[in-house]
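First to last, the protein sequences are chains A and B.
So the number in the working numbering is just where the residue sits in the first sequence, counting from 1, plus 7.
So the number in the working numbering is just where the residue sits in the second sequence, counting from 1, plus 195.
Hints were generated in silico from the structure; no laboratory data involved.
All values derive from a computational prediction rather than experimental measurement.
By construction, the Cβ of each residue, glycine as well, lies at the ideal position given by its N, Cα and C atoms.
Don't take every hint at face value.
[Said to hold, decoys possible] Some residues of chain A that are not near chain B, with every Cβ distance over 10 angstroms (derived):
hint	residue
1	V21
2	Q22
3	K30
4	N133
5	R199
6	G268
7	L273
8	G320
9	I420
10	N478
11	S481
12	P506
13	E538
14	T574
15	S643
[To be verified] Mimicking SDA-like on lysine to any residue, the simulated pairs with C-alpha atoms at most 25 angstroms apart in a straight line are:
hint	chain 1	residue 1	chain 2	residue 2
16	A	K389	B	H332
17	A	K23	B	V207
18	A	K23	B	H332
19	B	K270	A	Q391
20	A	K24	B	E294
21	B	K270	A	K24
22	A	K24	B	N296
23	A	K389	B	H331
24	A	K23	B	K413
25	A	K30	B	H332
26	A	K20	B	E319
[Said to hold, decoys possible] With the C-beta cut set under 10 angstroms, the calculated list includes, among others, these residues of chain B facing chain A:
hint	residue
27	L251
28	D265
29	M269
30	T275
31	H290
32	L291
Listed below are the residues making up each chain.
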Amino acid sequence: MRHYLDLVLIQAKVQKKQNRMTKICIFLSVFLIMGLFGMADMQIKSQELQAIQKDGNWHVVFQNLTEEQIAFLEARPEVEASGRYHVMNYGVNEGWQTEGIETVLCGMDETMMDLLPAVQITEGENPFYAKGMAACSDSMRDRLGLKTGSTILITSPSGENYSLTVSGFFRSTSMLTEKDAFALYTNMDTFRAFFKEGSADGQQEAVYVRFVPFCRVQKVLAKICEQIGISQETVGQNAYLLGLKFQSTDSYLVRIYLVVGVLALLVVVAGVLMITGSLNSSVARRTEFFGLMRCLGATPGQVARFVRREALGWCRTAVLAALLAGTVVIWCLCGWLRILSPGIFGKMPVFGISWIGLLSGAVLGTLTVLLSARAPARLASKVQPLTAVSGNAGTTHGVKSSVSVGLLHVETILGFHHAKGSKKNFLLMSGSFAFSVLLFLSFTSLNDFVGRAFTPLRPEAADISITSPDNTCSIAPELAERLSEHPSVRKVYGRSLVPQITAEAGGQEYTICLASYEEHQFQWAKEDLAEGTVDPAKEGTHVLVSRKKELPIEAGDQITIRTEKGTWELPVSGVLDTASFGKEPDAGTVICSEELFRELTGQEGYTVIDLQVRRGTTDAEAGELRALAGEGINFSDKRLRNMETMGAYYAFLLFLYGFLTVILMISAFHIMNSMSMSVSARFSEYQSLYAVGMSRRQLLSMTAAEAFSYLGAGLLAGLPAGFYSHRLLFGMLVASRWGDPWRIPVPEAAVVTFLLLLATGMSLLEPARRIRQMS
Amino acid sequence: MEVLQVKKLCKVYGNGESAVKALQNVSFSMEKGEFAAVVGESGSGKSTLLNCIGGLDMPTSGNVLLEGTDLFSMKEEQRTLFRRRNIGFIFQSFHLIEELNVEQNMIFPLLLDHRKPDSERVGELLDILGLTDRRHHLPCQLSGGQKQRTAIGRALMTRPMLVLADEPTGNLDSQNSREVMELLLRASRHYQQTVLMITHNMQLSASVDRVLKVRDGKLQDLGGTAS
């Protein structure tokens, strides 16, 4: 032993058990911080993978540049990759067809393979080295029976034919499967020679650009635009990818950054509060020891240094363990994502290291501990030397008023009195409960965001949609029956739509879209019910309306509908927040049963038949469904799009619930620790009360009354604060984008109240043990 | 040569009607190497006097001068430094640091002062205290007498000019009490350290140079021995 601070290490070896709780608190805090940044890092990486797969690995796209401008652009040191690209029939409605099927035609430089990874060749070779070659989507291969070397004939809208040789195939994108279209690409020379002359759609040649990593995209872009003399507004941006790289100026993404920042701050504050609580507890337990140090000549500064060094010592093991645990958790999460959605997350590393997570965990974690150690260090340094010799350590509560015993038992009254005896302690304890509620409710606002942002996850999301090409009720209802018999189909639900119907309510005339729902859709509509009931509409006696400014009707109102078949006055049984099906822009939707629909319109067929298929349905099975649907319909395969969204959903879900779990653990530990600290501080008083005849049960009741006083006050303060924070974050994430009205998160508040009750109950276990062992 | 001067020391707890005068105008002085015992009934103010002289407690008024330096004219930090270099404390319940062994407990005040312990001095003290073979033992492995001898070693390690002992034999049997007294006498005689000791044991006070009696916060100098 060469320095008085060596005592820190000596004590750490001896007092392993006593220090366990503090180490757990540090571990959890650092784990939470590491988790937050690590999971956010992985989340961003997974989203980047998805965004790159879906929209391409490019940052900005320039239209219609001259060769000189392109040369200037390519010579810029900030440009990592660039390529020319020209597309025709991107909207799949211009009449460029292959064997009668709309075909998207692209011409591109070879460098675009890097910028658009979705068009990588999966079979055969790319078409860049010879004129007249084309790479085709795999749907063309499967449906037209093509092979490498086959010849295809492209028909232009004006009826001209262009012949190309197939060099290879690439995987169809979700957009192609959804729109049931083909796609092919050639090199730029072929494209210009074959199609550009015949192009009448005004599409321009584009140059896609990816900048070098860590480049400040917006700044560089502004500079480039200025130098080549074009307006920055004409330059397209891959907003989502840039957003994930924190390079976007999109106001919604900026709001998301802000929300993440607020949540990260709350997490750090939670960490600081918890570690401070734990260190305070440790200091309170050792008041006499610090008094002795002061007696032996330690200055207040030396005592404070001692406490800080102790905290740093705990950091060494707890931070390392937390970083390790955080890394393992991230590995598990990545592994889980890979298993859940191999198509999307297959490229995620199994044993990936989140350097951002590790660095932020280590640096922020240590800073948090040092920050947290300030208050306990000050507290320890204020211990008077007399504390050690007077024998009064731990009995220094300044009581200013006497207890008034009323209707309750004296021990309960004493418990309440203990709770509010010290204003500072009461505020700290109730504050920690309130903060847990605030943190929990703030994070649950993300739940609404996830629910809104990933609509295919809604139970009514269709995997395959069969629609009438002209949006009429032209699909035979028997088709729905035939489709339901296919082994891969889980649910079939059709609906008929008639837009532009005149309706009248409250003396005012509206244009509505009339939609028929069947059983499944009525069932799902209950989820969106804002007022009234669904069942009378399902039975065919009433109708439902979707809440819209275009149709301000309430449940119980009457609506008059005028169709070719006559005029009908119908009662409204319920109002939906949103109509999942049959949405028409600028028109309200009136929903009725199929029978009533037939009566009102005389139409028998469906406009749309949606299918939900079993998990693992193959492309061949989807092909069978297409064959069953026959010709003359639009067949939209949304499985790939749904899978992409599901992937993002799972990633968000893991992120969100992982956090909520750790937050709850933090809250539980914090509460348990705080109660343990409170009991430690009063233990000699409890012993005296026991000596004068208070039973152990009464002592425990007293402790419980104290704990529940903190909980009560914490809930009183925390719930309004949590609601406010929830409303604020909900506004930023959901209301600003989808316009949903905010509602008090009652179920979430009930969950957190229940969990805090549980944690408070658990926090009494240790005091109960100590009281049982009291002699 | 006067080492300790206590001038009109007063200590009042509480205020108004509930005020308790623990010390009332206590004045006395002690010479270098003098060994004095403070006697008195429980609650008479003995410990308050010792704590005020040692700078552990703040008097309401009055002065405590050690070799002419007024303890309470200094700021807290300065007083702590002065205290650890010039005053040694011995307590009734030893107050050893449980995680440190005998030798480490003894050198701890030196380490607080960022001084390197002199191994010869440590060896000499351990020898005098009869703890050489126990130097690596933890307090929980020692008898009461050994613990108190360790505490005495700790108090003497910094060679303080004043040693304050609050009932150092209160928790010891007669044999150990005698040994502790011998050690304190040796500190006074051999090392010329001034020792002020609170005791209830009249037999022990017989071997000191001077006895001071505290009653209701007032000090009475009984001279050579207690009566």
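Going down the list of hints, with the structure as the test:
1. V21: 5 angstroms, violated
2. Q22: At roughly 8 angstroms from the nearest Cβ of chain B, Q22 (chain A) sits no farther out than 10 angstroms, so the non-interface label is violated.
3. K30: Given a closest Cβ separation of 18 angstroms, the condition holds.
4. N133: 72 angstroms, holds
5. R199: Holds, since 83 angstroms exceeds 10 angstroms.
6. G268: Holds: least Cβ distance 41 angstroms, greater than 10 angstroms.
7. L273: The claim stands: L273 (chain A) keeps its Cβ more than 10 angstroms from every Cβ of chain B (closest is about 38 angstroms).
8. G320: 14 angstroms, holds
9. I420: 25 angstroms, holds
10. N478: 83 angstroms, holds
11. S481: Holds: least Cβ distance 88 angstroms, greater than 10 angstroms.
12. P506: 83 angstroms, holds
13. E538: 67 angstroms, holds
14. T574: 92 angstroms, holds
15. S643: Since the minimum Cβ distance to chain B is about 73 angstroms, S643 (chain A) lies beyond 10 angstroms and the statement holds.
16. A:K389 to B:H332: 32 angstroms, violated
17. A:K23 to B:V207: 43 angstroms, violated
18. A:K23 to B:H332: Given pair K23 (chain A), H332 (chain B) holds - Cα atoms ~20 angstroms apart, limit 25 angstroms.
19. B:K270 to A:Q391: Between K270 (chain B) and Q391 (chain A) the Cα gap is close to 14 angstroms, so the pair holds against 25 angstroms.
20. A:K24 to B:E294: With a Cα-Cα distance of about 14 angstroms, the restraint between K24 (chain A) and E294 (chain B) holds, given a limit of 25 angstroms.
21. B:K270 to A:K24: Violated, at roughly 38 angstroms.
22. A:K24 to B:N296: 20 angstroms, holds
23. A:K389 to B:H331: Violated, at roughly 32 angstroms.
24. A:K23 to B:K413: 48 angstroms, violated
25. A:K30 to B:H332: 29 angstroms, violated
26. A:K20 to B:E319: Outside the cut-off at roughly 30 angstroms; violated.
27. L251: With a closest approach of 5 angstroms, the L251 (chain B) hint holds.
28. D265: 19 angstroms, violated
29. M269: Violated. Min distance 12 angstroms.
30. T275: This interface hint holds because 5 angstroms falls under the 10 angstroms limit.
31. H290: Given a least distance of 5 angstroms, the restraint on H290 (chain B) holds.
32. L291: Status holds, d = 9 angstroms.
In the structure shown, a violation is registered for the earlier hints numbered 1, 2, 16, 17, 21, 23, 24, 25, 26, 28 and 29, in ascending order.
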